[in-house]
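Visitor: Quick mapping for you: the protein sequence lines, in order, are chains U and F.
The opening residue of the first sequence carries number 17 in the working numbering; numbering runs sequentially from there.
The opening residue of the second sequence carries number 132 in the working numbering; numbering runs sequentially from there.
FYI, nobody ran anything at the bench for these hints, they're computed from the structure.
Ideal placement from N, C-alpha and C gives every residue a C-beta, glycine not left out.
Where hints are given, some of them may not hold.
Unchecked claim - Short, incomplete list of chain U residues facing chain F, as computed with Cβ under 8 angstroms: (1) Glu75; (2) Ser78; (3) Leu79; (4) Thr164; (5) Arg397; (6) Leu494.
Unchecked claim - Here are the simulated distance ranges between beta carbons: (7) Ala161(F) to Ala389(U): 42 to 52 angstroms; (8) Leu443(U) to Pro162(F): 17 to 27 angstroms; (9) Glu460(U) to Ala161(F): 21 to 31 angstroms; (10) Met347(F) to Glu309(U): 55 to 65 angstroms; (11) Leu399(F) to Ser435(U): 31 to 41 angstroms; (12) Glu460(U) to Phe275(F): 40 to 50 angstroms; (13) Glu185(U) to Ala183(F): 20 to 30 angstroms; (14) Asn462(U) to Pro162(F): 19 to 29 angstroms; (15) Phe275(F) to Gly555(U): 30 to 40 angstroms.
Residues per chain, in single letters:
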Amino acid sequence: MRIKKGHRLKLLLVAVALILGACSGNDDSVGMAGSLMVGGVNGDELAEAQVMRRGNGAEPQSLDPHRAEGVPSGNIQRDLFEGLTIEAPNGDVIPGVAESWRISEDGRIYVFQLRANARWSNGGPVTAHDFVYSFRRSLDPETLSRYTFILAPILNAEAVASGTMPPAELGVRALDDHRLEITLRSVTPYFLGVLNHSASYPVHRGSVEAHGNRWTRPGNLVSNGAYLLVERFPESHIKIVRNPYYWDNDSTVIDEVWYYPTEDSASELRRYRAGELELTSTVPSKQIGWAQENLPDQLVIAPYLGTYYYGINLTKPPFADSPALRRALTLAIDREIITEEIAGAGQIPAFGWVPPVINYTGQQMPEAAWTQAEREEEARRLYLEAGYSDEDPLRLEVLYNTLEDHRRIAVGIASMWKSILGVETSLLNQEWRVFLDTKRKKDEMNVYTETEVFRGGWIGDYNDAFTFSELMHSGSGLNDSGYINPDYDLLLELASKEGDLKKRAEYLQEAEIILLKDLPIIPLYFYVSTYMVKPWVKGLTTNIMNHHYSKNLQILSH
Amino acid sequence: MLNYFVRRILGIIPTLFVLMALAFFLIRLAPGGPFDSEKVLLPEIEANLRAAYHLDEPLYQQFARYLGNLLQGDFGPSFQYRDLTVTELIMTGFPISLRLGAGAMVFAVIFGVLAGSVAALWQNSRTDYFVMVISMTGISVPSFVMAPLLVLVFAVYLGWLPAGGLGGGSLRNMVLPVVALALPQIAYIARLTRGSLIEILRSNFIRTAKAQGLPMGKILLVHALKPALLPVVSYLGPATAAIITGSVVIEQIFGIPGLGRFFVQGALNRDYTLVMGIVVFYGVLIVVFNFLVDLAYAWLDPKVRYG
Numbered sequence: 017m018r019i020k021k022g023h024r025l026k027l028l029l030v031a032v033a034l035i036l037g038a039c040s041g042n043d044d045s046v047g048m049a050g051s052l053m054v055g056g057v058n059g060d061e062l063a064e065a066q067v068m069r070r071g072n073g074a075e076p077q078s079l080d081p082h083r084a085e086g087v088p089s090g091n092i093q094r095d096l097f098e099g100l101t102i103e104a105p106n107g108d109v110i111p112g113v114a115e116s117w118r119i120s121e122d123g124r125i126y127v128f129q130l131r132a133n134a135r136w137s138n139g140g141p142v143t144a145h146d147f148v149y150s151f152r153r154s155l156d157p158e159t160l161s162r163y164t165f166i167l168a169p170i171l172n173a174e175a176v177a178s179g180t181m182p183p184a185e186l187g188v189r190a191l192d193d194h195r196l197e198i199t200l201r202s203v204t205p206y207f208l209g210v211l212n213h214s215a216s217y218p219v220h221r222g223s224v225e226a227h228g229n230r231w232t233r234p235g236n237l238v239s240n241g242a243y244l245l246v247e248r249f250p251e252s253h254i255k256i257v258r259n260p261y262y263w264d265n266d267s268t269v270i271d272e273v274w275y276y277p278t279e280d281s282a283s284e285l286r287r288y289r290a291g292e293l294e295l296t297s298t299v300p301s302k303q304i305g306w307a308q309e310n311l312p313d314q315l316v317i318a319p320y321l322g323t324y325y326y327g328i329n330l331t332k333p334p335f336a337d338s339p340a341l342r343r344a345l346t347l348a349i350d351r352e353i354i355t356e357e358i359a360g361a362g363q364i365p366a367f368g369w370v371p372p373v374i375n376y377t378g379q380q381m382p383e384a385a386w387t388q389a390e391r392e393e394e395a396r397r398l399y400l401e402a403g404y405s406d407e408d409p410l411r412l413e414v415l416y417n418t419l420e421d422h423r424r425i426a427v428g429i430a431s432m433w434k435s436i437l438g439v440e441t442s443l444l445n446q447e448w449r450v451f452l453d454t455k456r457k458k459d460e461m462n463v464y465t466e467t468e469v470f471r472g473g474w475i476g477d478y479n480d481a482f483t484f485s486e487l488m489h490s491g492s493g494l495n496d497s498g499y500i501n502p503d504y505d506l507l508l509e510l511a512s513k514e515g516d517l518k519k520r521a522e523y524l525q526e527a528e529i530i531l532l533k534d535l536p537i538i539p540l541y542f543y544v545s546t547y548m549v550k551p552w553v554k555g556l557t558t559n560i561m562n563h564h565y566s567k568n569l570q571i572l573s574h
Numbered sequence: 132m133l134n135y136f137v138r139r140i141l142g143i144i145p146t147l148f149v150l151m152a153l154a155f156f157l158i159r160l161a162p163g164g165p166f167d168s169e170k171v172l173l174p175e176i177e178a179n180l181r182a183a184y185h186l187d188e189p190l191y192q193q194f195a196r197y198l199g200n201l202l203q204g205d206f207g208p209s210f211q212y213r214d215l216t217v218t219e220l221i222m223t224g225f226p227i228s229l230r231l232g233a234g235a236m237v238f239a240v241i242f243g244v245l246a247g248s249v250a251a252l253w254q255n256s257r258t259d260y261f262v263m264v265i266s267m268t269g270i271s272v273p274s275f276v277m278a279p280l281l282v283l284v285f286a287v288y289l290g291w292l293p294a295g296g297l298g299g300g301s302l303r304n305m306v307l308p309v310v311a312l313a314l315p316q317i318a319y320i321a322r323l324t325r326g327s328l329i330e331i332l333r334s335n336f337i338r339t340a341k342a343q344g345l346p347m348g349k350i351l352l353v354h355a356l357k358p359a360l361l362p363v364v365s366y367l368g369p370a371t372a373a374i375i376t377g378s379v380v381i382e383q384i385f386g387i388p389g390l391g392r393f394f395v396q397g398a399l400n401r402d403y404t405l406v407m408g409i410v411v412f413y414g415v416l417i418v419v420f421n422f423l424v425d426l427a428y429a430w431l432d433p434k435v436r437y438g
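Based on the provided sequences and hints, a complete structural model is requested.
Guide: See below:
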């Protein structure tokens, strides 16, 4: 009997050792074996097989550029299709199918000169007529696009999208085969950036008309980007190869790209470590510390065009008409603890609404310059001023969508509110779609009935302050705080008609200052993008949009 | 016998109808709709979307339409995978889930019965304890812990096997998912086999066989194992269900494009047709499988009558 016991114990020890060994993760030899030899002697020798395997988050809903939505779709769309403009590796907008353009004095009329050698993947030329067809299709309510709003600057786009005007009335016309004229409803400084969004991509009329809903299948899908679709296996992979007719095919190095849907980021990281992916879509926040310690040269963290915030319901008590209380809650949060201890990936503490974008100086609450102790002091004063005290504390509910990271942040904030102000916070988490539903529930008086404070995150659609400013406009469908300030709205309307970049930025900055005074939202941090990339992938440059065209990448020998 | 057949088959139809109705109305009761997203849709486009998927009709009409299409073998278009139909998704996902599930089942039965028999034959020996400790571990460690551990050890550290993906249907890619899916079942089957074999080995007819001087191997294979497997066979039905539900987790962890993965994504995205399609498909499968198990049981055990 004694022997048997000993044997069992030994077994247990072996099992424990196996588990500990597996968890410790100190062995970083995998995937690093050849790192010293990357790129041969000169460091720029290319690998024989130019195959790129990218983790891509989720399976795209559709490969139709006018129906695609979400970040994973966008990555594939940028490889398959090309708009009038594209982005350089650093995110600058550069010529795509259009080799040059002229903009009229008043900034409303754009004439694009298309490349004579722009071709579809079936060899046919890409013409101005293709773009006319495509813009109309993208906005046609029958197409069921979700991104019609992004084309709103085009003359009559909104009327076409809502079905009140026929698509032919859209302000886009072909002057000849290679000249395209686009008329805007008013000057729009970020318009060239909109043209590299998938809603602006050309689709091949012949293939759309011949195959109907089946036109996005391999074999049917004709595209005009650097790659063409050869294989699609839902929830397994999407395989694309070089488009031999692409006008800049000579500069393309990667021959084959495999996109893998990786909803589970922990699995994605394991596949990366096992050498099955060259590039991941993200890094699970709990693994960032591990990656910083073990694979620091493969972990990329870069500023990303997004703001993480808490929205406040202004349409009912306790937050309606109580700016002091909102300010107290805002100031009591120590953002550095959130970014460093909880989120932990180098996020940037936010005292403003608009993340760093081009042609804009982000505004901050005046208290941003204070020490945290001073902010907490002021928070307590405002809390008392708003009529709350230790005997009669504020009780509120924070709603967030179910995700471990959101939960940890909510718990952190609740404990700060508790210890500094004495606020009693209850936390409520809901699965994403339920959360959206709850957050938007309104009664007939336009009062949001369900929420008090809710978690929010906004990722900009294009590199411009306006994609953030417009969210808080009283007419915005995304303004879930119910924030209405005519001064704010007026400044936005002025900005959207202003051709002078500097003047426009001033309007938007002034609007942001108003927003930070009213505080319908509590800004918490600006996002960063995080991902892992193998040392032998060359050409990957960080940019605020986190867009990485496969055609700009190379695989070095390793 | 024929009577028994017909009655069982007739019993299947109301079962399936109730299943379909429940699934159809329950998923529509879940808050949030298939077209909800952070971006708010133009009312015009939302109306078009709803019309395109017939969501603008009254529920009973939608249900009738659904049943009508189903009778023609049409599961409808997917809400989430907008380029594809549910039938196509099931057709691509099912062979993969089947391979995974069948692999896990075969693996579980072979190793479970083997381990259980070994444990029973050498009852209360070290081998017995070893098998039982391992099987206890297999039952108590959930697969979402076991699967990542297996990947870390065999894919990341040792580099013997792929960490995930389909790998073009390569057998290497199926090894870890099959093992991860089979482990809890091996454990159950081993315990069932052990218990029942120990009991059989003590029974009178085995003693008689031994007294007649039959070799132990023959006694075991010819006389003892068949009755000892009865509880295992009746466990195959629940095992199938467990493997199907288990595959939901396993397919997600290993990035395998099977029905389980579609089901999870479909449920999260309120893809009504996809969820319905998979529920109906699996419903039919499980009902049929239970039916087959009953037949097998009747064959194995003369005490079960067809009456």
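Visitor: If a hint holds in the structure, say so; if it does not, say that too.
Guide: Against the structure, the hints come out as follows:
{"no.": "1", "hint": "Glu75", "result": "holds (7 angstroms)"}
{"no.": "2", "hint": "Ser78", "result": "holds (4 angstroms)"}
{"no.": "3", "hint": "Leu79", "result": "holds (6 angstroms)"}
{"no.": "4", "hint": "Thr164", "result": "holds (6 angstroms)"}
{"no.": "5", "hint": "Arg397", "result": "violated (36 angstroms)"}
{"no.": "6", "hint": "Leu494", "result": "holds (6 angstroms)"}
{"no.": "7", "hint": "Ala161(F) to Ala389(U): 42 to 52 angstroms", "result": "holds (47 angstroms)"}
{"no.": "8", "hint": "Leu443(U) to Pro162(F): 17 to 27 angstroms", "result": "holds (19 angstroms)"}
{"no.": "9", "hint": "Glu460(U) to Ala161(F): 21 to 31 angstroms", "result": "holds (25 angstroms)"}
{"no.": "10", "hint": "Met347(F) to Glu309(U): 55 to 65 angstroms", "result": "holds (58 angstroms)"}
{"no.": "11", "hint": "Leu399(F) to Ser435(U): 31 to 41 angstroms", "result": "holds (36 angstroms)"}
{"no.": "12", "hint": "Glu460(U) to Phe275(F): 40 to 50 angstroms", "result": "holds (45 angstroms)"}
{"no.": "13", "hint": "Glu185(U) to Ala183(F): 20 to 30 angstroms", "result": "holds (24 angstroms)"}
{"no.": "14", "hint": "Asn462(U) to Pro162(F): 19 to 29 angstroms", "result": "holds (21 angstroms)"}
{"no.": "15", "hint": "Phe275(F) to Gly555(U): 30 to 40 angstroms", "result": "holds (37 angstroms)"}
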